[in-house]
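Student: The primary structure of each chain is shown beneath.
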Amino acid sequence: MPASAGLKLQFSEVEKRYGMRLALRGINITIAAGECVALVGHNGSGKTTLLKIAAQLTRPSRGKIAFYSGENLVSLEEVKSQVGMVGHHTLLYEELTAEENLIFFAKLFGLADPAQKARQALEPVGLASRASDLVRTFSRGMRQRLSIARALLASPGLLLLDEAGTGLDPEGQQWLAASIRRLRDSGCTILMSTHGRNETQTAVTRAIRLEAGKITHDSGAAGDPKKILVMAAVRENGEEGEA
Amino acid sequence: MTLARATGVILAKELRTEFRSRELLGTTVVFVLIVIVLFSFTFNPTSTESRRFGPGLLWLAFLFAGSLMLQSSFLREQTNDTLAALRLAPIDPFSILAGKMAANFLFLLLVEVILLPVFAVLYNIAILPVLGQLLLVLTLGTIGLAATGTVFSAVAAQARLRELLLPLLLLPVLAPVLIASTEATIGVLRDPAELSLVWLTFLACFDVVFLTAAWMVGEYLLEE
Chain A
1 MPASAGLKLQ FSEVEKRYGM RLALRGINIT IAAGECVALV GHNGSGKTTL LKIAAQLTRP
61 SRGKIAFYSG ENLVSLEEVK SQVGMVGHHT LLYEELTAEE NLIFFAKLFG LADPAQKARQ
121 ALEPVGLASR ASDLVRTFSR GMRQRLSIAR ALLASPGLLL LDEAGTGLDP EGQQWLAASI
181 RRLRDSGCTI LMSTHGRNET QTAVTRAIRL EAGKITHDSG AAGDPKKILV MAAVRENGEE
241 GEA
Chain B
1001 MTLARATGVI LAKELRTEFR SRELLGTTVV FVLIVIVLFS FTFNPTSTES RRFGPGLLWL
1061 AFLFAGSLML QSSFLREQTN DTLAALRLAP IDPFSILAGK MAANFLFLLL VEVILLPVFA
1121 VLYNIAILPV LGQLLLVLTL GTIGLAATGT VFSAVAAQAR LRELLLPLLL LPVLAPVLIA
1181 STEATIGVLR DPAELSLVWL TFLACFDVVF LTAAWMVGEY LLEE
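As they're listed, the protein sequences go chains A and B. Residue 178 in my numbering sits at position 178 of the first sequence, and the numbers go up by one each step. Take any residue in the second sequence, note its place counting from 1, add 1000, and you have its number in my numbering.
Hint data in this document are derived by calculation from the structure and do not stem from the laboratory. The beta carbon of each residue, even a glycine, is placed where N, CA and C say it ideally should be. One or more of the hints may lead you astray.
Selected chain B positions facing chain A (Cβ under 10 Å, derived; list incomplete) [stated by the list, open to error]:
no.: 1; residue: V1009
no.: 2; residue: K1013
no.: 3; residue: S1040
no.: 4; residue: A1085
no.: 5; residue: P1090
no.: 6; residue: E1163
no.: 7; residue: L1165
no.: 8; residue: D1191
no.: 9; residue: E1194
no.: 10; residue: S1196
no.: 11; residue: L1221
no.: 12; residue: E1224
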């Protein structure tokens, strides 16, 4: 259960420019609290940039993003304690053990009893028996599980997943999908980028397709996301086939 | 979370990771020892010359140690993009810089303390009678070195040719610290010893100004 209620996000005319290249253009979307939104699109379509803006890791070149708890605007500083993110990289220290990593981040998030929180977080990801092992000794899948544990440590109201299923075996993918469904059902807002067809998409309530930094398809909160997910998978597979 | 607490948590993590691997400290100590020994063999100074030129050589060696050690301060955060993880945390962005500055200060001071006896022997300088004054100069100079180096390490880590960029950015900015520290050390090693308040004040002012500037622009320094 997330300690904090799900956050509502509102992107208004968001544009992101890297030098001469426009990574995002004219993004206008509102994501309601408790939605589980999949961002689909080719590499370089702007999915990661959108997630980074939502995580406040990068600022939009134009436009703005606002967060709401219920109807109340939440300041960008306050939002940080309610955001969990799994990125392309694991965001973990290889010279620390799994437990030390989680204790470190629990302390940074100001959680009470960090050691207890770390132990609790390691149980569901199946790493309790490896708590004292250095992260550098872990396989890719184990690192990814630990990365997910780190993201969920502070019971976020907004979870950002950037291809979080990468490196997980089929069993891991199923576990991740079940975790996402559980978080969604408990009110956590989830925004995730995804590729092809995978288990995590079974939890999705809305799908948004990005192309060259623009939203081309949006199933909407009440629509059926499957059509967009299938279309994205077919296009990706088609291009892979041609290649 | 308060700035001091977040800084402490990051400092503890820095110390734990470094003392676990000892990669940085080990290589820096060996490198600086080689520099000091080579300087000694190259110049073969008399006792009078040592008092005059030794402090400059010593601080040059510390500067080399700094540029070697500080390079990896932010580079190692790039391995798994852990800097992003730090920036995701609800903490003052300056605490990331401050934690790293404190760790770099301690690492550099440790290297300097290891190096001092070797310097005293090779250059035939008695440092024990003036150890307190010398440590004061070392502390102020090293704060400047660590603060400046950490900030420029954050800047350089995000650039291409980052390994070359840090010394290019750092050395000119550190020239005032190098001059002030060298002059203050010359005074301390003079017979009779004379602690120059002018140079000490200069060093303290440099430290305060640079730390304040880092605090003001810290958030922007860490952005992509």
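Student: Each of the hints needs a verdict: does it hold here or not?
Tutor: Right, here's what the structure says about each hint:
Hint on B:V1009 holds. Least Cβ distance to chain A is approximately 5 Å, under the 10 Å limit. Checking B:K1013 against chain A by beta carbon gives a least distance of about 5 Å; that is within 10 Å, so the hint holds. Look at B:S1040: its Cβ only gets to about 35 Å from chain A, farther than 10 Å, so that hint breaks. This hint holds: B:A1085 has a C-beta 4 Å from the nearest C-beta of chain A, less than the 10 Å allowed.
Annotation: interface hint on B:P1090 holds; nearest CB of chain A at approximately 4 Å, less than 10 Å. For B:E1163, the suggested interface contact is broken, since its CB lies about 21 Å from the closest CB of chain A, more than 10 Å. Annotation: B:L1165 was flagged as interfacial toward chain A, and the flag is violated, the nearest CB pair being 18 Å apart, outside 10 Å. The closest approach between the C-beta of B:D1191 and any C-beta of chain A is roughly 47 Å, which is over the 10 Å cut-off, so the hint fails.
For the restraint placing B:E1194 at the interface with chain A, the shortest Cβ-Cβ distance is roughly 45 Å, beyond the 10 Å limit, so the hint is violated. A least Cβ separation of about 42 Å between B:S1196 and chain A goes past the 10 Å threshold, and the interface hint is therefore violated. Because the smallest distance between the Cβ of B:L1221 and any Cβ of chain A comes to about 14 Å, over 10 Å, the interface hint for this residue is violated. A hinted interface residue such as B:E1224 counts as satisfied when its beta carbon comes closer than 10 Å to some beta carbon of chain A; here the least separation is about 5 Å, so the hint holds.
Of the numbered hints listed earlier, those contradicted by the structure are 3, 6, 7, 8, 9, 10, 11.
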